[in-house]
Structure formats: C-alpha cells, structure tokens
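**Q** Residue numbers (our numbering), protein chains in the order written: chain A, 1 to 309; chain R, 1 to 441.
Calculated from the structure, these hints are not laboratory results. Possibly wrong hints are sitting among the right ones.
[As the list claims (entries may be wrong)] Below, simulated DSS-like cross-link-like pairs (lysine-lysine); rule was C-alpha separation at most 27 Å, straight line:
#1 R:LYS19 x A:LYS135
#2 A:LYS106 x A:LYS118
#3 A:LYS128 x R:LYS19
[Said to hold, decoys possible] Footprint (simulated), chain R over chain A, 3 or more residues, beta carbon under 8 Å:
#4 40 to 54
#5 116 to 130
Here a beta-carbon is modelled for each residue, glycine too, at the ideal position from N, C-alpha and C.
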Amino acid sequence: MSAILQLQNVVKQYDNYRAVDNLSFEIPEASVFGFLGPNGAGKTSTIRIITTITKADGGKILFNNQPLSPTHVSEIGYMPEERGLYKSMKVGETVLYLAQLKGMKKSAAKAELDLWLKKFDIASWYDKPIEELSKGMQQKVQFISTVLHRPKLLILDEPFSGLDPINAVLIQDEITEMHKNGTTIVFSTHRMEQVELICEHIVLINKGKNMLNGEVKAIKEQFKKNIYKIDWAGERFSIEEDAPFIIADNPNAANFNPAQSLFIQLKPNNSPQIVLRYLLNKNVNIVGFNEILPTFSEIFIQTVENKPI
Amino acid sequence: MDKIWLIIKREYWTRVRKKSFLLATILAPLGFALLMGVSLWLSTQGAEEKTVAVLDETDLLQTRQGRALKDSPYLKFKLVNSSLETAKKGLDSLKAVGLLHIVAQDTSQLRNLRVDYYSDSELGLISLEFIKNSLSEHVKNIKVKKAGLNETILASFETSVEVSSKTILKPAKDDNSTGSMRIYVATALGAIMMFLIYIVVFIYGNMVMRSVMEEKTNRIVEVIISSVKPFYLMLGKIVGVGAVGITQFLIWAITVPLLYMGIIFVFAPRLSELANQQAATAGDVNINKINAIMAELGSFNYGSIVIFFLLFFIMGYVLYASLFAAVGSAMSDDWGEGQSLTLIVAVPVILGFYIGTAAIQNPNGNLAFFASMFPLFSPIVMPARIVFEPAWWEIALSLLLLLANSVFFVWLSGRIYRVGILLYGKKIGFWEFTKFMFRKE
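Input sequences plus hints: build the corresponding full structure.
**A** Below, the structure is given as structure tokens:
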C-alpha cells in the first residue's frame with residue numbers, strides 16, 4: 001500500500017521547547033489512521049504542519065510522493081477539535097465561503113452542498129444564521145464544510161466530542177462511507193475504544209517523538225503478554241508448582257465470577273495446547289478458553305509512561 | 001489573490017447588511033436632520049408676533065421723556081393706563097401675552113431698574129433679552145439726554161477691533177493677508193478633519209480587532225489559515241472593514257448635504273424673515289459674520305484638501321487597523337484579560353489627538369511640524385494642518401513617511417498576528433507580544 005502522507009524527521013522548534021522532535025511516520029493511502037498521544041505530545045503542532053498552517057523547521061513531508069505545498073490544501077480537509085463558525089453568517093454562505101477558500105468554484109460547491117443538506121435532511125437550514133443552530137447542529141454544518149471539497153486526506157480532531165449518540169452515528173456512517181470511497185481518514189483522539197473499533201493503523205507520539213507506529217492488529221500482537229482466560233464449570237481445582245502457567249492478575253476482575261474463571265499467563269516455552277492438556281489431565285470442565293489481548297488504553301499508558309501492563 | 005477577494009467580500013457583506021450598520025448609517029443623518037430641523041423650527045417659533053402690555057408707574061415712558069419703547073416686528077409694546085389688577089385681567093382683551101410692570105421707584109439716580117413680568121406662559125429667551133435691551137437702551141437715552149450729551153459723539157466712542165494676520169515668509173498669494181475670520185474657519189475645518197480621522201481609527205480599528213478575536217475564539221481561524229496565509233487573512237480583513245467605513249462615509253457624504261439643503265429650503269422663508277428682523281433690530285453684525293464665514297468656507301482649495309484628507313485617512317486607518325489586528329490576535333478568549341494590550345494602540349491615537357489639538361492653535365510651530373512628520377501622529381495631526389496650507393514638501397514628506405510606516409506596520413503586525421491567532425489559553429503580556437515578531441513561521 002502506498003502512503004498518501006510521509007513525514008520524515010520532521011522538527012518543530014519553539015522558543016524553549018521542541019514540539020515535534022524528529023518525527024517520522026507514514027499514513028497509508030485509503031486507511032483509517034489513528035493519531036494518538038497525550039495532551040501536549042505535539043499532535044496539534046504536527047497537524048498544523050500537515051495542514052500547512054505552520055512550517056516545519058526541519059525534515060520532509062511528502063503528500064502523494066510530492067513535497068507538501070499549499071497547493072495540496074484543496075486535497076486536505078481538517079476539522080479542529082474546538083469548533084466554531086461565524087455566528088452572524090448563514091449556513092449556506094458559510095459553507096460556500098469555506099469551500100471557495102479551499103479553491104472550489106462557487107457553483108460546484110453549491111451543488112455539493114445541496115447534496116449534503118439533503119442527505120442530512122436539513123435543506124431548510126440553508127438560510128438560517130449559524131447562531132440560531134444548536135451546538136450539535138453546528139457540528140453537522142462544520143462536518144459538511146470540512147468534507148465538501150472531497151478531500152483525499154481528512155483530518156478529524158476528536159470528531160465525536162460533544163456529539164449526541166444519534167449525530168455521532170450519523171457522522172461515523174459518513175466517515176465509513178468516505179473511507180469506502182478511498183478517502184484516507186486521520187483520527188486524532190484520546191478515546192482508545194474508538195481507536196480499536198475504527199483504526200487500521202496508528203502512530204502514538206509523546207514529547208514530539210514517534211513512540212509506536214504500525215497496524216493495529218500487529219501492535220496488539222506485539223503487546224500481548226500470553227494471557228488467557230479460562231472459564232470452567234464444576235468444582236475448584238488446584239494448580240501445582242509444575243503447571244505450565246502462573247495465575248495472572250485479573251485485569252477486569254469485576255466482570256467475572258472468580259470461582260468460575262481464571263486469568264493465567266504462560267510460562268516461557270509453553271503454548272496454549274500444553275495448558276489445555278494440563279487442565280484436561282486434571283479433569284477440569286473447560287467451557288471457555290480465550291486469549292486476552294491488551295486494550296489500547298493499556299498499550300497507550302504503557303508506552304507513554306513506560307510502565308509494564 | 002482570489003482568496004483575498006473572498007475574504008474582503010465576506011468581511012464587507014457580513015457587516016454592511018447588519019441591522020446595526022443600516023441603522024447607524026440611516027439614523028445618523030436622520031438624527032442630524034431632526035436635530036437641525038427642530039432647532040430651526042424652535043428658533044423660528046420665537047418669531048411669532050407678540051404683544052406685551054406695559055404698565056409704567058414711573059415717569060420713564062412718558063412722552064416728554066422722548067421716544068416710547070421701540071417695537072420689533074415680533075414684539076410690540078402696548079402702554080396701558082390702569083391699576084395693576086385691572087391690567088392683569090385685561091391682558092386677554094389686549095391679546096397680550098404678558099404684562100410688563102415697571103414698579104414705582106425713584107428714577108433720578110437709576111442704577112437698577114426693577115421690573116416685574118406677569119404672564120401665564122414663560123417668556124422666550126430671545127424675547128426676554130429683547131425687552132431687557134429695549135428698556136436699558138431707553139433708560140440710557142434718557143440719561144444721555146439729561147446729561148446733555150450728544151448721541152453721535154457717544155456712539156463714536158465705541159470701537160470694534162478687527163485683526164488681520166499677515167505672513168512674512170510666504171510669498172503673497174493674492175492679497176497677502178489672512179483675515180482673522182479665515183483663521184477661525186480654518187481651525188474649525190482642521191479640527192473637524194482631525195476628529196473624523198481620530199474617530200474612524202478608533203471605531204473601525206476596533207471592528208478589525210473584534211473580528212480577529214471572533215475568529216480566534218471560534219477556532220475557525222485554523223480552518224481558514226489552512227487555506228489562506230494569515231497575512232492575507234489580516235489584509236483582507238483590514239481592507240474589508242475599511243471598505244465598510246468608506247461606504248458609510250459616502251452615504252453620509254451624500255445624504256447629509258442633501259438633507260441639509262432640504263431643511264434649509266423648507267425653512268428658508270422663515271429664516272430670511274428672521275434675518276430681516278435681526279437686521280432691523282440688532283444691526284448687521286450677525287449677518288455680516290455669517291456672510292464672512294460663508295465667503296471663507298468657499299475660498300478653500302477643496303480639491304487638494306479632500307485628496308490629502310483621503311490619503312492620510314486611508315493610510316492612517318491601515319496603519320492603526322493593522323496594529324489593532326495584531327493586538328486582537330494576542331488577546332485571550334476573555335475580553336478583560338488582554339485589555340492592557342489595547343493601550344499599545346490607544347496611547348498613540350489619543351496622544352496624537354491631544355498633540356493635534358495643541359498643534360492646530362499654532363499650525364506652523366515646531367510641535368505641529370514634528371507631530372505631522374511622526375507617522376503615528378501624522379494621520380491625525382497633518383489633516384488638521386492641511387487647511388493652513390503648509391509647504392508642499394512638508395505634506396510630501398509626511399505622506400512618504402506615513403506610507404513607509406504603514407507598510408512597515410502592516411508587515412510587523414502580520415508577523416505578530418500569525419503567531420497570536422494560534423496561541424490559546426495563555427495570557428500574553430507586552431513583552432511576549434513584541435517577541436512574536438521575531439518568531440519564525
């Protein structure tokens with residue numbers, strides 16, 4: 001898969017601190033990409049460089065294998081986390097204004113806008129002043145204005161914050177639809193459960209550096225600790241010293257009945273098969289045997305704080 | 001370039017169609033017209049013919065003392081001969097608005113004349129003055145006669161002084177003299193232009209600042225500057241808001257004179273009557289003054305005044321608006337927080353205004369000269385001097401310095417602006433503000 005965006009050793013230096021420190025990663029084309037990191041990690045600085053709001057002090061950025069330049073702006077859509085529109089402007093003219101700034105022709109933007117308003121069933125909003133819309137309604141308008149020019153790269157900073165569940169689903173469906181049509185989508189977010197659900201690739205940065213980068217599945221695999229959950233029926237059983245596993249801490253103790261399930265971690269050079277054989281030899285009535293992969297929250301915390309899971 | 005145009009258009013249209021703009025643009029001339037109309041109407045109202053009954057208990061108005069009280073076309077005196085009570089009751093039959101009662105008193109050594117005025121309606125100020133003057137004049141005449149003085153000799157004691165100021169250095173234009181009237185008129189004209197620029201800088205500069213702050217607090221600025229360079233956004237804003245100001249002025253420049261002429265036309269008959277009345281009573285002084293002012297007003301070279309005014313006006317606005325934009329970009333979301341930064345702009349504007357007020361009284365002095373060269377003050381001070389026709393090289397130098405500085409300040413403000421608009425949640429002090437200009441992109 002080719003990369004739509006490549007960052008190579010990008011540096012952004014402010015007066016007394018380095019916001020982006022030799023950052024390199026790639027965003028594969030047509031992927032859903034998670035851009036993760038704690039507050040102050042340099043996410044906003046990086047996004048501002050990608051959206052050509054600021055310039056990097058060092059390194060290279062390639063958009064579709066060409067050095068990033070302001071002409072690429074028409075192919076990028078960016079929705080900042082903190083959102084707002086001109087209060088005294090009307091919905092239609094706001095969206096058309098922003099689209100024209102992106103380089104769209106007014107007539108083309110108008111046609112596209114009509115489609116979106118119809119799709120969201122809000123055609124009657126066209127002449128409504130923004131200040132008369134609720135916050136959720138404004139976010140819909142903002143989303144439309146972000147995607148109206150059909151960007152190849154869509155950068156969404158916490159897109160679901162402040163949205164009610166109905167609107168969140170609506171926007172998510174649209175994002176999925178765009179992804180299907182080949183748009184590359186970058187999520188900048190703190191909400192790790194979303195990352196697991198939506199993203200195919202991620203980069204995790206901290207203090208301006210790339211801490212973790214790759215495919216979500218591979219990263220989970222990489223961080224797995226050979227922990228399994230065993231569910232059984234019937235009586236308790238004892239575990240001897242020579243068992244091929246040790247009892248692991250239950251990461252989600254509250255969710256399970258401790259008498260009927262158990263978290264174990266394999267000893268080195270053992271496999272699930274050996275564990276199963278050991279348990280079967282003890283006549284344990286096994287009803288479930290699952291590998292427990294780390295959640296992204298755990299991976300996030302471990303990577304950022306450098307703590308074991 | 002198309003993008004700047006888009007920004008200018010948006011800044012312009014969203015303001016021009018606002019109700020507050022329409023109201024201000026329409027109401028201001030209407031308010032002016034109303035004010036003028038009402039004051040004219042009131043002044044002509046006082047001109048209705050009134051009769052005042054006079055009851056004299058002294059010997060002042062007796063025919064042997066000479067002429068009776070002089071009437072004006074609008075105020076007639078009617079002598080009555082009865083007791084005070086009957087005179088009061090008889091006002092209606094005389095169609096008199098009031099009764100002037102000259103109380104019995106010793107008139108041989110008169111220093112203060114005691115007079116009562118009885119009426120159901122208040123006497124207008126003009127009428128009151130007229131009665132006082134008539135009586136005083138009358139008593140004076142009696143005294144003059146008693147003393148055996150000649151009235152014409154007495155009148156020859158009065159001297160009116162007219163100062164003509166003449167320039168020494170400047171070659172004669174036509175008559176080599178500037179009447180004192182010309183100085184008054186020029187001072188007034190200069191003060192008006194200075195005040196206009198001062199007001200415009202504040203009102204429209206503030207508009208630019210608010211607009212910058214709105215975009216910053218909205219965070220929409222991030223979306224916009226991902227498509228347009230911050231400098232162009234700032235420039236578009238300054239031009240757009242400036243165009244709003246020019247629109248408003250053009251509308252005023254057309255409607256105000258039209259309304260003025262309309263009102264004058266409506267009141268013209270009454271006014272000429274009034275003028276005649278004044279001529280008949282108080283002499284020709286006021287009419288002469290008005291005519292002199294009109295003549296002086298007509299004698300200025302308006303072509304060059306308007307052109308220079310516009311040049312200083314535009315450059316001064318651009319210079320200060322860019323500073324306002326820089327300050328707005330550094331303000332935090334909370335209005336109160338960055339307020340001290342507005343001093344950066346407010347201090348030179350207000351200082352310029354004060355220097356201008358001083359300079360206008362001595363338009364060719366050192367203060368006036370240097371203030372009109374210093375680019376932060378020149379857009380306010382120089383227009384005030386222009387009516388006094390300073391040397392051409394002074395205007396040229398002032399314009400050149402201002403132009404260079406406007407460009408410089410736009411550039412400088414652009415550097416501050418592009419950093420400021422992206423900084424959030426931090427109070428920015430003056431020192432940090434100035435450091436922004438040295439940040440790289």
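**Q** Run through the hints listed earlier and report the numbers of any the structure violates, in increasing order.
**A** 5
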